[in-house]
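Chains as they are written, first to last, in the numbering used here: chain W, 1 to 322; chain S, 1 to 101.
These aren't lab readings, by the way, just hints derived from the structure by calculation.
Any given hint could turn out to be false.
Said to hold, decoys possible - Below, a list of computed lysine to aspartate or glutamate pairs in the EDC-like style, where the Cα atoms sit at most 20 Å apart:
1. W/Lys306 x W/Asp261
2. S/Lys28 x S/Asp42
3. W/Lys195 x W/Glu269
4. W/Lys106 x S/Asp19
5. S/Lys28 x S/Asp80
6. S/Lys23 x W/Asp110
7. W/Lys15 x W/Glu214
8. S/Lys64 x W/Glu214
9. S/Lys22 x W/Asp74
10. W/Lys179 x W/Asp271
11. S/Lys44 x W/Glu126
12. S/Lys28 x S/Asp38
13. W/Lys15 x W/Glu269
14. W/Lys57 x W/Asp22
15. W/Lys57 x W/Asp35
16. W/Lys127 x S/Asp19
17. S/Lys23 x W/Glu214
18. S/Lys23 x W/Glu145
19. S/Lys22 x W/Asp288
20. S/Lys22 x W/Asp68
21. W/Lys127 x S/Asp80
22. S/Lys76 x S/Asp13
23. S/Lys23 x W/Glu109
24. W/Lys195 x W/Asp305
25. S/Lys28 x W/Glu214
26. S/Lys44 x S/Asp80
27. W/Lys63 x W/Asp74
28. S/Lys22 x W/Asp22
29. W/Lys253 x W/Asp288
30. W/Lys277 x W/Asp22
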Amino acid sequence: MKIFLSNQGYLRNFKSFTESLDLSHPDRLEITTHDKWVTVHPANLVLAAALAIQVGKENTEIKGDVPDSGRYLDRMGLYGLIKTPSPFIYHKNEESGRFVPIKIIKTSEDQSRFITDMIPLLHLSEKNTTIVKYIIGELVRNVLEHSFAENGAIVAAQYYKKTNRVSIGICDTGIGLWKSLQNFWHPKNDISAIKLALTPGITGTTRREGGTAENAGAGLFFIKSIAKITRNYFVVYSGNAEYTLLKHKKRIKGMPRLYADPDRDLHNESDIAASFKGTLVAVDISLDETPGFNDLLASIGDVYDKAIRERKRSKYKVPKFI
Amino acid sequence: MKEIIKMREHIGDFAENKDVAKKLRIEKIMPALSNHNDVILDFKGVSGATQSFIHALISDPIRKLQDVAFNNLFYKNTNDDIREIISIVYRYMQESLGDIE
Chain W
1 MKIFLSNQGY LRNFKSFTES LDLSHPDRLE ITTHDKWVTV HPANLVLAAA LAIQVGKENT
61 EIKGDVPDSG RYLDRMGLYG LIKTPSPFIY HKNEESGRFV PIKIIKTSED QSRFITDMIP
121 LLHLSEKNTT IVKYIIGELV RNVLEHSFAE NGAIVAAQYY KKTNRVSIGI CDTGIGLWKS
181 LQNFWHPKND ISAIKLALTP GITGTTRREG GTAENAGAGL FFIKSIAKIT RNYFVVYSGN
241 AEYTLLKHKK RIKGMPRLYA DPDRDLHNES DIAASFKGTL VAVDISLDET PGFNDLLASI
301 GDVYDKAIRE RKRSKYKVPK FI
Chain S
1 MKEIIKMREH IGDFAENKDV AKKLRIEKIM PALSNHNDVI LDFKGVSGAT QSFIHALISD
61 PIRKLQDVAF NNLFYKNTND DIREIISIVY RYMQESLGDI E
């Protein structure tokens, strides 16, 4: 497998990143970087980390010269997962950034500990901390519950001061969304599976509206909606498909309208991405654009209710007019 | 009879661990409601919760016990976020009552 970390590692470019991956020869992983400058989103990082963990440290290396900006890969913990030694020498206490390095979460206890201990590293306000805890809480739980990933959830996050934005990436090498939804929804391909997973009220555990005692099928829809309301990017990558929610334009005033159908959102999609056995979800949250969390939840909840009502109504018997 | 559950003692500052929600639901909430006792979920000291956590805590009582759950479940010391999430779960569970697989 080969991953190239470019100087354009933003979520808006994630589609081309997935199309550039070479995931053949799954027993070894080669990472290369842009020779002048490397920019990675936590999404790129957790994918590289998840694959490195899967093939093992001895079978993973970074090839070629890594520019000085590649120091970030070391700070985020990537060199700890590969056999190539880090060329960067610096004191750990020089780490002044606000980031959560790559972390592996395998149990719900790990998850609770992570949320308690790691999120404060981002030094956010109480309001913004709640959103980040919410997103990581939902996404990691999805992995633990539905992915059957031996290596758990791989998580990383970064706060960008200049844009006042938090970026989060979560990845697993489990069964992927298509397989996870097979029992009850039979998606025809990976892109259909991603769109089903983004639809409110769709869970891999039942077809019943309202879900089971443990699952409602709301998690990914809520996270996508948070990204849309805060006018940001949101990505899901699983199998050979990728869906990127595009930024809602700032010149359009008022709160962006939410849709139950992910096809109605402004988005990019691909079904020719390198076939990835697992699931990656990533999101950017612009903290300047974040309304009160309860207002945000209320808007999302309204769309969720409506979706259930409409789907339920579609099952009603109809009179037979002759 | 009243069953008072101090949520912070079980889930800490942020309610996201669905295993804990399931345990509370099975071991405390459902038995108390089934005996027509009141259940008070006290969120004092809890700053937030995920929708998944609240769903795992109360959706089954609503689906199975309906009016008993609506009449006997009480929520105390909820902040605006938690109140909103509980309200969302109430709304969509009532929308979906009676649906079959």
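Evaluation of the provided hints:
Between W/Lys306 and W/Asp261 the alpha-carbon distance is near 12 Å, which keeps this suggested pair within the 20 Å criterion. Simply put, S/Lys28 and S/Asp42 have alpha-carbon atoms about 13 Å apart, close enough for the 20 Å limit, and the pair holds. The straight-line distance between the Cα atoms of W/Lys195 and W/Glu269 is roughly 10 Å, inside the 20 Å bound, and the hint therefore holds. For the given pair, W/Lys106 sits about 14 Å from S/Asp19 by alpha-carbon distance, which is consistent with the 20 Å threshold.
Only pairs whose Cα atoms come within 20 Å are accepted, and S/Lys28 paired with S/Asp80 is rejected, the gap being roughly 25 Å. Under the criterion of a C-alpha separation no larger than 20 Å, the hint pairing S/Lys23 with W/Asp110 is consistent with the structure, at around 18 Å. Our distance criterion of 20 Å between C-alpha atoms is broken by W/Lys15 and W/Glu214, whose separation comes to about 33 Å. Restraint check: the Cα-Cα separation between S/Lys64 and W/Glu214 comes to about 14 Å, which is no more than 20 Å; the hinted pair holds.
Annotation: proposed proximity of S/Lys22 to W/Asp74 is violated, straight-line Cα distance about 39 Å (limit 20 Å). Distance restraint check for W/Lys179 and W/Asp271: the Cα-Cα separation of roughly 16 Å lies within the 20 Å cut-off, and the hinted pair is therefore satisfied. Under the criterion of a C-alpha separation no larger than 20 Å, the hint pairing S/Lys44 with W/Glu126 is consistent with the structure, at around 16 Å. Taking the CA atoms of S/Lys28 and S/Asp38, the gap is near 11 Å; set against the 20 Å cutoff, the hint holds.
Our distance criterion of 20 Å between C-alpha atoms is met by W/Lys15 and W/Glu269, whose separation comes to about 7 Å. Straight-line distance between C-alpha atoms of W/Lys57 and W/Asp22 comes to about 19 Å, which keeps the hinted pair within the 20 Å bound. This hinted pair does not check out: W/Lys57 and W/Asp35 have alpha carbons roughly 23 Å apart, beyond 20 Å. Taking the CA atoms of W/Lys127 and S/Asp19, the gap is about 25 Å. The hint is violated against a cut of 20 Å.
Between S/Lys23 and W/Glu214 the CA atoms are separated by roughly 11 Å; this keeps the pair inside 20 Å, and the hint holds. About 16 Å separates the Cα atoms of S/Lys23 and W/Glu145, which keeps this hinted pair within 20 Å; it holds. At roughly 36 Å between alpha-carbon atoms, S/Lys22 and W/Asp288 are farther apart than 20 Å, so this suggested pair is violated. For a cut-off of 20 Å, the pair hint linking S/Lys22 to W/Asp68 is broken: about 48 Å separates their Cα positions.
This hinted pair checks out: W/Lys127 and S/Asp80 have alpha carbons roughly 12 Å apart, not beyond 20 Å. Our distance criterion of 20 Å between C-alpha atoms is met by S/Lys76 and S/Asp13, whose separation comes to about 15 Å. Straight-line distance between C-alpha atoms of S/Lys23 and W/Glu109 comes to about 14 Å, which keeps the hinted pair within the 20 Å bound. Using a Cα cut-off of 20 Å, the hinted pair W/Lys195 and W/Asp305 holds, with the two alpha carbons roughly 18 Å apart.
A threshold of 20 Å between alpha carbons decides the hint, and for S/Lys28 with W/Glu214 the separation of about 16 Å falls inside it, so the pair holds. A distance of roughly 12 Å separates the Cα atoms of S/Lys44 and S/Asp80; the hinted pair therefore holds under the 20 Å criterion. Taken as a hint, the W/Lys63 and W/Asp74 pair is honoured in the structure, with Cα atoms around 15 Å apart against an allowance of 20 Å. With a C-alpha separation of about 41 Å, the suggested pair S/Lys22 and W/Asp22 falls outside the 20 Å cut-off, and the hint is violated.
For a cut-off of 20 Å, the pair hint linking W/Lys253 to W/Asp288 stands: about 15 Å separates their Cα positions. For the hint linking W/Lys277 to W/Asp22, the alpha-carbon distance of about 13 Å falls within 20 Å, and the restraint holds.
Going down the numbered hints, you'll see the structure goes against 5, 7, 9, 15, 16, 19, 20 and 28, while the others check out.
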